[in-house]
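Build out the structure end to end from the sequences listed, making use of the hints.
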Amino acid sequence: MFVQKRGKSARRLLTLAVAAVLASVVGTAVSASPALAAPGPSFTNPLVGAPNSADPSIVYSGGNWYYVATTWSSKIIMRKSSTMAGLKTAAEQTVFTLTAGPGCCTMWAPDLQWINNRWYLYFSAEASPGQGERRTGVLESSGTDPMGPYTYRGILNLEPNNGWAIDGSVVRFEGRANHFVYSAFRGGEQGLFIAPMSSPTQVSRNGVRISSPTLSWERQGMPVNEGPYAVYNAGKTFLTYSASFCQTPDYKLGMLTWTGGDPMLPGSWTKKSTPIFQRSDANGVYGPGHASFVRSPDNTETWVVYHANSSAGQGCGTTRTTRAQKIGWNSDGSPNLGVPVRTGTSIAGPSGDS
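The sequence shown runs contiguously to residue 471 in my numbering.
Because the hints were derived from the structure by calculation, they are not lab data.
Treat the hints with care, as some may be off.
Straight-line alpha carbon distances no greater than 25 Å define the calculated SDA-like cross-link-like pairs of lysine to any residue that follow [said to hold, decoys possible]:
hint, residue 1, residue 2
1, K353, T417
2, K389, Q307
3, K443, T391
4, K443, N453
So this is what it looks like as structure tokens:
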């Protein structure tokens, strides 16, 4: 009997000991903080220097960053790098030359988008004869490589009577078709317009106006709304845009918020009464504008990528350089871009960019 009790006691003690060890391990696992992705290599602005660096568009795909910007030539040029910091010295590669389609020598404001397992490059250009001036063209990739090759798919029929339509990009709405937002002149004023897309290369009707430069800070030098680009957060769609004349140091960013309902109705949008990003004389940054937004490789951060000048006297030309910085969010979910960072300031790269 004594031996039997001793065996039961030993087994009971062993069971309790194992349980204690398991509890300790489980407790440790539950209380431990999750591992955080390391920031990428640091860089300083400008992220990409002149001359092919205004109106930037950046995407992250398959472990690499891809960058396009205005060239003011017939060539659409792309850079590729495994880190955002590496874009500064990455080689430029021509992915398309505008020999057919809109114009031969003045491409600007490219926008790179992934839709239906293909890459699409939307761009502004002087138009071919019979197609009107300053139109938006589109290229389609033959596969899944952002570097192409690309095929020219024609002009988006955005404005009545072949009116000019520039600075376009794609905006997405949950449960709805994609739409195309752009800048155009109607009634002698340059505003923002939106058109529904029937496919990545076609719109189903001309656009409707959703914003005009009515506020004083949108009218410095000239009344302008242009360069629309969407950023998404907390289930909301925010449409940023550039305001005032790019030839002035007061070129800046404003914002519309989609409040629900039909995006084609102006009443479905509200305009923020103040700029969200503007010149910083203290940091030597002038005319920050034409922004795009990109997520970090680990999807925990959002970065704004924009162009700006380093002197108040510089304007719309090739002096503009690409800059980037991480953004935050306001309590209502809207983007908080902060203040443009001074050139030469060390910036830790996007999270997971290693």
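These are the hints, each one checked on the structure:
no., hint, verdict
1, K353 / T417, "holds, 17 Å"
2, K389 / Q307, "holds, 18 Å"
3, K443 / T391, "holds, 21 Å"
4, K443 / N453, "holds, 10 Å"
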